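In case you want the letters, here they are:
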Amino acid sequence: MSQVQLDSELPNRRIKAGRNLHLKKFIEDCKRFIITQKIGFVSLLIILIVVAVAIIAPIIAPFDPISQDRAAFLAAPNSQHVMGTDDLGRDVFSRLVYGSRISLLVGIVTVVISIILGTLIGMISGYFGGIVDMIIQRIMDAIMSVPALILALFIAALLGPAIQNVIIALVIIEVPRFSRIVRGEMLRIRESNFVEASRSVGASSFRIIMKHGLPNMMAPIIVMASLAFGQTIIAEASLSFLGIGTPPPNPSWGLMLSDASMYMESAPWLVLFPGLALSILVLAFNLFGDALRDFLDPKMS
Amino acid sequence: MIEYIVRRLIFGIFVLLIMTAFIFIIMRAVPGDVVTLQLANSGATAEQMDALKAEMGLDKSVLGQLIDWIKDAVQGNLGNSLWSGQQVSEIILDRLPVTIQLAVMSIVLAIIIGIPIGVISAVKQNTFIDHFLKVISIGGLSIPNFWLGLILLTVLSLALNWIPPLGYQSFMENPFVNMQQMFLPAICLAITLSASIVRMTRSAVLEVLHSEFIRTVRAKGAKEGIVIFKHALRNSLVSVITLIGLQIGYLLGGTVVLESIFALPGLGSLIFESVLVRDYPIVQSTVLVFGAMFLLVNLVVDVMYGWVDPRIRAK
Chain A
1 MSQVQLDSEL PNRRIKAGRN LHLKKFIEDC KRFIITQKIG FVSLLIILIV VAVAIIAPII
61 APFDPISQDR AAFLAAPNSQ HVMGTDDLGR DVFSRLVYGS RISLLVGIVT VVISIILGTL
121 IGMISGYFGG IVDMIIQRIM DAIMSVPALI LALFIAALLG PAIQNVIIAL VIIEVPRFSR
181 IVRGEMLRIR ESNFVEASRS VGASSFRIIM KHGLPNMMAP IIVMASLAFG QTIIAEASLS
241 FLGIGTPPPN PSWGLMLSDA SMYMESAPWL VLFPGLALSI LVLAFNLFGD ALRDFLDPKM
301 S
Chain B
1 MIEYIVRRLI FGIFVLLIMT AFIFIIMRAV PGDVVTLQLA NSGATAEQMD ALKAEMGLDK
61 SVLGQLIDWI KDAVQGNLGN SLWSGQQVSE IILDRLPVTI QLAVMSIVLA IIIGIPIGVI
121 SAVKQNTFID HFLKVISIGG LSIPNFWLGL ILLTVLSLAL NWIPPLGYQS FMENPFVNMQ
181 QMFLPAICLA ITLSASIVRM TRSAVLEVLH SEFIRTVRAK GAKEGIVIFK HALRNSLVSV
241 ITLIGLQIGY LLGGTVVLES IFALPGLGSL IFESVLVRDY PIVQSTVLVF GAMFLLVNLV
301 VDVMYGWVDP RIRAK
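Residue numbers (my numbering), protein chains in the order written: chain A, 1 to 301; chain B, 1 to 315.
So that you can see chain B by itself, here it is in the shape it has in the complex (with noise of 0.2 Å):
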């Protein structure tokens, strides 16, 4: 087990290295720097900006920049913000919380809601039920979490008169103010992936149902709940820790719009306020915290596949 951790981990870092290249490239191979864009109205000479450039080492070639980079990162130092000369290390840790705060949430309330209206529809199979619950969800797959952020608040502070409390804070800080401004940016993420829980265990339950051991127990006389729920479900667990594993991505690439319209400080809004400035080495880190955080999750749910199912662990 530990020498498949360690052999997923290297090939992890190995895919980081190729994905930190890639952006090197693109970011270097599109016109317009952060030097440029900052001095662009201060009337600073040709050689004042090349002077600047040097000091920050952009006057070097893209591979020396990059093999400077990653000498630089493996020893933790990942650089400073082109804008505020603040460390790049110290923004994303203040950053990440937020941002992993709201993914677990996420990750939780969809699952509440994703695993019992996939139960229902299995059990419900080719009903008016199992149809209605179909459409439905795949309704949720459809409507936009940015649209659903943007209704959900307009109806709030025009049926309510309310809206989320100005100025973030920290569940440590105040979990009260942190539970109403992180909820339903959390609502709008879980509903379109519960509505893919949905479909997986709806799937996975009726292939379990339809196998011969669920049949040994009915003939046993066990109730239906008790086929269900202790058999049905607990092997279906599976493919929805898989599904939650492939739907990370779109989990975190969520944030970046969320954190945008609840204003709340996390890396998806941070990516995209540097994205906007040339803050090369802000983007550059944010991007592979976040593919990072993709590697690490599916990692995770390939080790949980053995917890779940001893089958898969004795191999």
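Chain A extracted, bound-state conformation (with noise of 0.2 Å):
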């Protein structure tokens, strides 16, 4: 019996000790990540301050985003509206720090959507080869080959103004994207030494992509995800922008940049802050993903 107990204990017990060292290593990664990518650690903080603004959002914004006031239309920033009202009589800052969640929202649904689409086809691309991998590689040309901003405007115009048409707009500009990057790194893998090992010892094709595949291509996957995070915000803002986007009344930046550009001379604040915001969010995106490409692959930089 208790023979029995010890033999099942043991795996477990390995598990665990694997997982512990991992953790640790991971502690250790970000302890050399905070000492060597200084501007990259700030910029995680930023994108964590405002990912806290947007979830504590209710307790942050003084006034209600949607909410109007007539009687206080168009007032520059005072102490009351510390960004002033827009042409509805609605706090600006209240918009802007509600307005946070729908840039956060699209960015993470679509980037997480397209890196698993776009691991899935791009190891289907990759691993197969041949008649497979030609067929699926014609499509994302297609895909690739219309400028991405033009694409999106196209499929979110004919679907209507609605967070969820914007999001698939950007999915199927973005995948392809992660599908290039995935294949390319599956067919590096392919011809590596230890895959060739593990096939020979009889590992499956499904085993082999799991084990051998996923976890060599993590590093560019992460990289390419905080990139595409700015380039998505960027996207959600101008289709809102153009009118084809988030739908008002919510506060979406790009939205707020729409209603703001008819009183540029009256009401200039309205331009700047939003803009701001979205700049800032962006520029932390993007330097992060800059730090982690120049830690994760040090011959790069």
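Bear in mind the hints are in silico, worked out from the structure with no lab data behind them. As the structure is a prediction and not an experimental result, all values here were calculated from the model. Note that CB positions come from ideal geometry on N, CA and C, so glycine has one too. There's no promise every hint is true.
Unchecked claim - For lysine to any residue, the following SDA-like pairs were computed, each having C-alpha atoms within a straight-line distance of at most 20 Å:
id, chain 1, residue 1, chain 2, residue 2
1, A, Lys38, B, Asp130
2, B, Lys134, A, Phe41
3, B, Lys134, A, Lys24
4, B, Lys134, A, Asp294
5, A, Lys24, A, Leu227
6, A, Lys38, B, Ile129
7, A, Lys38, B, Asn126
8, A, Lys38, B, Ser61
9, B, Lys134, A, Phe33
10, B, Lys134, A, Leu296
11, B, Lys71, B, Ser61
Unchecked claim - One side of the interface only, derived from the structure: several residues of chain A facing chain B at Cβ under 7 Å:
id, residue
12, Ile66
13, Gln68
14, Ala71
15, Ala72
16, Ile150
17, Ile189
18, Met262
19, Ser279
Please assemble the complex out of the two chains, which come individually in their own frames, going by the hints.
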């Protein structure tokens, strides 16, 4: 009886030890990242602050982002409305705070779905090669041959203004880019010695992909994801600016800029703040992605 | 070389065909068509609407419509606008020059801004100046170009009381007015592009500066200026040209928003206007023209490699 227990506990203990080792290595990597990539670390902090703001938006925002105050429309920044009010008397600061939710939501959902679909397609394409690869790659070529924003505009406009439609449009744009990277990595890994070794001991295709393919392409995917985040947030803002993205009265930053463009001279603060917020968030993602690339692939810098 | 170009062209046409089918299917899969939109409030009966749809060829199957369209397109007939009835090819040719001028101006401006800053960054590698320029250039990548456009317009109108002249005039008609209208949007597009040129130039120049032959050049006693401008910069041109090819998609996409802000009658604003009213023939053809421009620019880029770098030509 006790013998059996011991036997069944042993592998468990080993897995736990392995996990601890991973955790330790991760913490050490983080320390090294903070020391060697100071700009990247500051960017990460900015991103985390924006995430925090988005989560506790109801606590931070002094006003309801949608409720209108006809008595105080187009008010310049003052002690009550720190960033002024818009043409319908809505508090700009509160809208900005709630707007971070839209930018981050569109960014996260788009990037996660794109990574999953892109990785899947890229792996299938890279692993099987031949005719499968040919067909998939030509479709990806076709999607990528149309400028991203134009394709997004086309799809979003056809589907109608709604957040989920913006996400669908952006996913269609991002998937080929991820799949291209994954396919390239897959082709490289397929030729490597360790994959050949595991094939020679009889490992299945599925096992080779999961065990050797995925872990080896995490670095390029993570870097790409960080940069795609920035692009996606700008794309959402552009579509909303054109009036075919997030529908009003949602406080999307792009939509706020679109409203503001009519009051450029009488209320310039309306143009200033949403664009600033947008630029800082995208800048943080780009700098973080850049730092990650330097960190994960020292050959590049 | 010619064989290579022909092969690339055939490949490009193939890609455009797939794109056409893709666009066709999406457009027809989405509810709402031009007839319903046009006659929504006119009180037309269902029969009248069906008759109009049949006249426009919208009653056939998607595949049938696709084949019809390709047949006509091959003969140079892109159909008529469903709203104005004007020939699509005419509308597009009318608007194409605006977008091309905007794109060319942006690329030239981006090169003028980007390459010198990239070289300075590389020469001053890992100094304060380098880090500063790095943040600035990534900053340029992060600013949405339409916001830049709005800010420029706001500042100029508030500080100098100046706004771009209204009513578009082409360069041939009035170069002075045209330049005033085109310069701001071109700068907005150029800033993002120049930011990536800075990054690319920097790493390319660094790579060359660390190579063996530069050591030889230095050993011969060449001045630093000659080392950088004659050798390092020239060798990094290939990567900068590649980058422009890759970024042309971004550039063409950016024209949509900027043409809308600055009221320029180009292809970007055309596709935006048409997509809102479901003018199928125009949208379809415009997306394809954008795709074709993208493929063509990249073909030119690949051909230019050989011209800039004789080593590639030899292969």
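Hints, verified against the model:
| no. | hint | result |
| --- | --- | --- |
| 1 | A/Lys38 with B/Asp130 | holds (15 Å) |
| 2 | B/Lys134 with A/Phe41 | holds (15 Å) |
| 3 | B/Lys134 with A/Lys24 | violated (32 Å) |
| 4 | B/Lys134 with A/Asp294 | holds (13 Å) |
| 5 | A/Lys24 with A/Leu227 | violated (27 Å) |
| 6 | A/Lys38 with B/Ile129 | holds (16 Å) |
| 7 | A/Lys38 with B/Asn126 | holds (14 Å) |
| 8 | A/Lys38 with B/Ser61 | violated (59 Å) |
| 9 | B/Lys134 with A/Phe33 | holds (18 Å) |
| 10 | B/Lys134 with A/Leu296 | holds (19 Å) |
| 11 | B/Lys71 with B/Ser61 | holds (15 Å) |
| 12 | Ile66 | violated (23 Å) |
| 13 | Gln68 | violated (23 Å) |
| 14 | Ala71 | violated (26 Å) |
| 15 | Ala72 | violated (22 Å) |
| 16 | Ile150 | holds (5 Å) |
| 17 | Ile189 | violated (25 Å) |
| 18 | Met262 | violated (11 Å) |
| 19 | Ser279 | holds (5 Å) |
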